[in-house]
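Trainee: Position chain B against the provided structure of chain A, taking the given hints into account.
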Amino acid sequence: MTDRPLLELDRLSAHYVTGRGTRVVRAVDEVSLTLRPGETLGVVGESGSGKTTLALTILRLLPPAARIVSGALRFDGEDLLAKSPNEMRRIRGKRIAMILQDPMASLNPLFTVGDQVAEPVRVHEHASRRSARERAGALLRAVRIPAAAQRLREYPHQMSGGMRQRIVGAIAISCEPQLLIADEPTTSLDVTIQAQYLKLLRDIQREHGLALIFITHNLGIVARMCDSVAVMYAGRVIESGPVRQIFNAPAHPYTQALIESIPRLGGGPERLTAIDGQPPDLATLPRGCSFQARCPRVVDRCREDDPPTVQLSTEHSARCWLAKP
Amino acid sequence: MTLLEAHNLTKHFPLRRGLFGADPGAVRAVDGVNFTIEAGRTLGVVGESGCGKSTTAKLVLKLEEPTAGEIRFEGRALRTLDAAGLRQYRRSVQAVFQDPFASLNPRMRVGAIIAEPLVTNESLPPARVRERVARLLDLVGLPARSAELFPHEFSGGQRQRIAIARALALSPKLVVLDEPVSALDVSIRAQILNLLVDLQRDLGLAYLFIAHDLAAVAHMSHAIAVMYLGQLVEYGPAKTVATDPKHPYTQALFSAALPSHPDESRDEIILTGEVPSPVNPPSGCRFHPRCPHVLPRCAPEVPTLRGAFGREVACHLYDTAR
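Here the protein sequences line up with chains A and B, keeping their order.
Those letters in the first sequence? Residues 1 to 325, by this note's numbering.
Those letters in the second sequence? Residues 1 to 322, by this note's numbering.
Please keep in mind that the hints were generated in silico from the structure rather than gathered at the bench.
Built from N, CA and C at the ideal position, the CB exists for glycine as well.
A portion of the hints provided could be inaccurate.
Label-pair ranges, simulated between beta-carbon atoms [what the hints assert, rightly or not]:
| id | chain 1 | residue 1 | chain 2 | residue 2 | range |
| --- | --- | --- | --- | --- | --- |
| 1 | A | ARG67 | B | SER182 | 32 to 42 Å |
| 2 | B | THR304 | A | PRO296 | 50 to 60 Å |
| 3 | B | LEU149 | A | ALA283 | 12 to 22 Å |
| 4 | B | THR304 | A | LYS199 | 27 to 37 Å |
| 5 | A | ASP102 | B | GLU38 | 34 to 44 Å |
| 6 | A | PRO109 | B | ALA26 | 24 to 34 Å |
| 7 | B | VAL279 | A | ARG11 | 53 to 63 Å |
| 8 | A | PRO109 | B | PRO14 | 25 to 35 Å |
| 9 | A | PRO308 | B | GLY204 | 43 to 53 Å |
| 10 | A | PRO63 | B | PRO300 | 55 to 65 Å |
| 11 | A | ARG23 | B | SER182 | 23 to 33 Å |
So that you can see chain A by itself, here it is in the shape it has in the complex:
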């Protein structure tokens, strides 16, 4: 692990503009993050918190209605915002890969698994049909798929959900990327299959030294998999830092409530700490802090001014008026 960051986001904002500019949704709002090579970052948030838009922003795959309005995005020392669409195409799938939630939707039902696993190698490395085929076989074995040679000739519908998701994983690592973004990769899997898959991702990460961004709503995955975590709420990172520091001493009331609201195995039947209310509508955010309506420790200032980002230690920061360094 070197100290030079692999990925650096500096006050990056991506907004959706709808209704001819009358409605602006700040899906990603001034997000700053750094990720070193080989490191695992968890991005946690509820639906609508902007975590998936953040992933699409990093890959510059935003839909036409959205655009990056400000900030900087550097990957391996290069400015990704200055790249042409062609240059981005050469980065995506080769140096930055992504795994999506639903493996059935990310595999093409009309092509064999072999064709799909070999495709990135053929496109990015101009490999011959035969050597791409061999690589595909090796990749299936790397993601622990038994009878790989036979599976290469089969179609996605012939496989179980867990196996399909491993094939998506094989495609993602086919060109040995430096960064892998996984967006809720295990949500559709059963518990024991999820455990298998998380272990596989960790093994692959160790073998290839790749950096991982885990986008999830599940703090348990963060606790098991990640080195650092960024908690998103209403498009903003409201707290970020090393996983242990955040779990031991969460500074933002939202992070605190989120950690306390998970039921524990072997815990008693005591009441769970619930967060009242609903996540806010991003198009009609209130003045001041976006969590104010649900915050148990809200003060007058929260309704007036945006809370600043308070640096609590070298790596731990929180966006809250109550956070004290």
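Mentor: Below, chain B without anything else, positioned relative to chain A:
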């Protein structure tokens, strides 16, 4: 007091007969399952997709008829009930499903949705119905004016509250909760789980709680039944099963559950392979091809569910320990 008893409950779904009339077999979704639900208590059922937990729920709701075995409710076998008795049973057993976006009719106002069971089952004057709806809304923590609105005007958590209000309309004794919080946002789940606990305490409801989130099941339940390929492998008091599982499958399942803190290190037991097909389940113990502690007798001999260590477990490892 025992509210509901399932005795040797079995449901096989026959497969379509092949071209030459050979018997194609059946999906053995639930295969000889025994459990009881006590009045005012929660039985949690855990297991992975295809283990038969949703079929079990459907059998309890009488949405499916058992192939063999029986369900007894308040001491009477459902098979022996006449039309009036069945109507009474269906009033006493209600359900809340996973997806509150699919389970509420988008064209009906919330008041009409909650009133529907009252209208079809009881002939009450409209004023009384409105009064009952208002009381039910209050019970689940929604404002009275919600009755005039449509489901799309509510968030996921609020819709699940509406579904709960509808389930409570006929004052049931048992509510089947099939994954009631898995479609909800994390910050909302605790609200709904707390509401369910409060309602159980205040109304003396019994729950059949089905979920794949093990921590939530352990939190909510008094007893836990662990299912694998249509059979119970372990069954006992929730705390005993959750903190000290004995069946190798339960151990693997609970070790695979995600930690609530990064320092919480469980011995991870990673099972190899996937759940086999319930059409042709493995011989002997159905878990033996994936079991890390498999013994020679596990393939030929079927283990029976027997008492050991304060719970029931179906595993040859404990044959001598009893």
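Trainee: With reference to the structure, classify each hint as holding or not holding.
Mentor: Okay, the hints, checked on the actual structure:
1. Remark: the range hint 32 to 42 Å for A:ARG67 to B:SER182 is upheld by a beta-carbon distance near 34 Å.
2. One distance hint, 50 to 60 Å for the beta-carbon pair B:THR304 and A:PRO296, holds here, with the actual separation near 51 Å.
3. Taken as a hint, the range 12 to 22 Å holds for the pair B:LEU149 and A:ALA283, whose Cβ atoms sit roughly 20 Å apart.
4. For B:THR304 and A:LYS199, the hinted distance range of 27 to 37 Å is satisfied, since their beta carbons lie about 33 Å from each other.
5. Look at A:ASP102 against B:GLU38: about 40 Å separates their beta carbons, and that is inside 34 to 44 Å.
6. A hinted range of 24 to 34 Å for the beta carbons of A:PRO109 and B:ALA26 is consistent with their spacing of about 29 Å.
7. Evaluation of the 53 to 63 Å hint for B:VAL279 and A:ARG11 yields a pass: the beta carbon distance comes to about 57 Å.
8. For the hinted restraint 25 to 35 Å between A:PRO109 and B:PRO14, the CB-CB distance of approximately 29 Å keeps it satisfied.
9. At about 51 Å, the beta-carbon gap between A:PRO308 and B:GLY204 stays in the expected band of 43 to 53 Å.
10. Between A:PRO63 and B:PRO300 the C-beta distance comes to about 58 Å, which sits within the given range of 55 to 65 Å.
11. Judged by the Cβ atoms, the range 23 to 33 Å given for A:ARG23 and B:SER182 holds: they are separated by roughly 31 Å.
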